[in-house]
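*Asks:* Given next are the chains, with one letter for each unit.
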Amino acid sequence: MKLQFSRKTLGIPYGIFLILFVVAPLVVIVSYAFTNGTGRFTLSNLTGFFADPNTLGTLLYSFVLAFVTTCVCLLIAYPVAYVLARFHWKRRSVLLMIFIMPMWINFTLRITALKEILTLIEGNLAFHPFLNSVIGMTYDFLPFMILPIYNTLEKLDGSLLEAAADLGADSVQAFLKVTLPLSVPGIVSGISMVFLPAMTNYVVLDMLYNSTYIMGSLIGSYFSAYDWHGGSMIALVLLVIICLFTLLTGRDEENARGGALL
Amino acid sequence: MKNGKNRALPAAILILVLILLYAPILILAVYSFTDAANIGAGGSFSVANYVKLFTTEDLRAMIFGTLLLALGSAILATLLGTAGAIGSFYSRKGTQTFFQTVNQVPVVNADVVTGFSICILLVVVFGISKDTFLPLVLGHVTLSAPFVYLSVLPKLKQMDPALYEAALDLGATPGYALRKVILPQIFSGIVSGFALAVTLSLDDYFVATYTKPATFDTISTYVVNATRGSQTEIKTALWALSTLIFLVVLAIALGSNLRKQEGSGRKGEREA
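Read top to bottom, the protein sequences are chains A and B.
Every letter in the first sequence is one number past the one before it in our numbering, and letter 45, counting from 1, is 45.
Every letter in the second sequence is one number past the one before it in our numbering, and letter 14, counting from 1, is 1014.
Keep in mind that a hint or two might mislead.
Lysine-lysine pairs mimicking DSS-like chemistry, simulated, CA-CA at most 25 Å apart [claimed, not checked]:
(1) B:K1157 x B:K1093
(2) B:K1093 x A:K90
(3) B:K1235 x B:K1052
(4) B:K1052 x B:K1155
(5) B:K1157 x A:K8
(6) B:K1180 x B:K1155
(7) B:K1157 x A:K155
(8) B:K1093 x B:K1052
(9) A:K90 x A:K177
(10) A:K8 x B:K1093
(11) B:K1155 x A:K8
(12) A:K177 x A:K155
(13) A:K8 x B:K1180
(14) B:K1157 x B:K1052
(15) B:K1180 x B:K1157
(16) B:K1260 x A:K155
(17) B:K1180 x B:K1052
(18) B:K1155 x A:K155
A few chain B residues that face chain A, going by a derived Cβ cut-off under 7 Å, partial list only [claimed, not checked]:
(19) G1087
(20) I1118
(21) F1246
(22) V1248
I should point out that these hints are in silico values taken from the structure, not numbers from a laboratory.
Even glycine gets a Cβ: it sits at the ideal position worked out from N, Cα and C.
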């Protein structure tokens, strides 16, 4: 019994850490979201969020931006992942790494680089704020979409495709009926890696001179105004969205950001 | 199907996307070696940007501060996450579920929410000054420790439990067996967890911006502030920084890949 005890105790510091810095902040967010400056219970932060056309507009804009970004990422990432996984390349691991490597470079520096190029092409970035934001976010998040799709396609059993061919399917049918359905877990995981950051990463918008707010910018502006209660309500709304999203997609651990390291 | 087909189109897709991914970084790299103030402007060869990067006190402090924070928080996260993974793996089912569920929160959460909520708890509720660096370091550990936990756990699952028992039967103390039997087998998970923790800290903007002292900047917060203003000198020095980081990442990536290939080559020889 004594030896069992010794290994289990190793988990205690991390357990305490999780309670203090993961659970407690969530509790504080919830309690701040439903109180006002004097500490009284109030629903005004909640009603303030859902009654204000501005914040609802921000929510909608975030959804649209995230949706478009996710679609563009998927349209680019799927062919790349497919080609990488299903064709014979001599140094496939090196090739894959070249596609993943940008995610190890600080994203603000990458967006700076992109901004210089876009400025050169467009002249003034202010004319196409939405387009630039989609480009910026796609540029930022693309590797996170490629990797999970690649991982599922790479594991796909080739004999299934041979069987489809033997049974008379042409390559398009085989793709639509076999490959695509089997790669859905990777697609779902990729979507969850891109959609949520695209709703919240307001720095990309800031750096590309898009002054429209997304959900993340709201937290930023409440933070600058020292309005902890309003900010907590936004954080809570985001938490609820994240929870729903996680339940819907059943996001699996291996394909999360952790899988980013080869 | 895989070998015989014409590979022109697949190769074209890869090349096109690679160009999109790398053109900005590479064009910036070329211009970092000139005295041009804008991309597209003419200029002559110059290393002034690199000299500025290492001689400007501000920039130097920001770079070394970021590296120190990344290493420090990654070491703490690795210790906590590894011990947590071992501890939870040998605990009862209920405890394990607790660890896995709570551990998942920072992983799926938006970084804005993580940063903001830690700021509220530590700075607003507990009144800890941001100047102590405590909120910043704890914030970064919170961000990365869960990923260390997630990289170590699969290694524990793959391990043969009989080895540890055998070590104890042969007279090893639990501590000795832990060091000599368990740690070596999960070592690769610890290393990749640590590397992941470093990159997460280096890439972070949101946690840092909500928890850092006003006088301290990480690369991310510095770059974001610098691009708001229009100081050309700083801007072009950041091109040099971006190029250096790109080269370092490239070197590490190629190095680790070569080592992996050497390793698998050796294994192949042994098997043959």
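*Asks:* Would you mind confirming whether the straight-line C-alpha gap from B:K1157 to B:K1093 stays at or under 25 Å?
*Replies:* holds, 14 Å
*Asks:* Would the pair B:K1093 and A:K90 pass a check requiring their Cα atoms to be no farther apart than 25 Å?
*Replies:* violated, 45 Å
*Asks:* Has the given pair, B:K1157 with B:K1052, been kept, meaning a C-alpha gap of at most 25 Å?
*Replies:* Not OK: B:K1157 and B:K1052 at ~50 Å, beyond 25 Å, violated.
*Asks:* Taking 7 Å as the limit, does the beta-carbon of B:I1118 come near enough to a beta-carbon in chain A?
*Replies:* holds, 5 Å
*Asks:* Given the hinted pair A:K8 and B:K1180, is their Cα-Cα distance within 25 Å?
*Replies:* holds, 17 Å
*Asks:* Given the hinted pair A:K177 and A:K155, is their Cα-Cα distance within 25 Å?
*Replies:* holds, 17 Å
*Asks:* Check the hint pairing B:K1260 with A:K155 against an upper bound of 25 Å on the C-alpha distance.
*Replies:* holds, 20 Å
*Asks:* Keeping to a limit of 25 Å between CA atoms, is the pair of A:K8 and B:K1093 held or broken?
*Replies:* holds, 12 Å
*Asks:* Holds or violated: are the alpha carbons of B:K1180 and B:K1157 at most 25 Å from each other?
*Replies:* Satisfied, since the Cα-Cα distance of roughly 17 Å is no more than 25 Å.
*Asks:* Given B:V1248 as an interface hint, is its Cβ closer than 7 Å to any Cβ of chain A?
*Replies:* violated, 9 Å
*Asks:* Compare the distance between the alpha carbons of B:K1235 and B:K1052 with 25 Å, and conclude whether the hinted pair is satisfied.
*Replies:* Distance ~11 Å between B:K1235 and B:K1052 Cα, so the pair holds.
*Asks:* Can the restraint linking B:K1052 and B:K1155 be considered satisfied, given a maximum Cα separation of 25 Å?
*Replies:* Violated: B:K1052 and B:K1155 sit about 45 Å apart, past 25 Å.
The structure shown violates the earlier hints numbered 2, 4, 8, 9, 14, 17 and 22.
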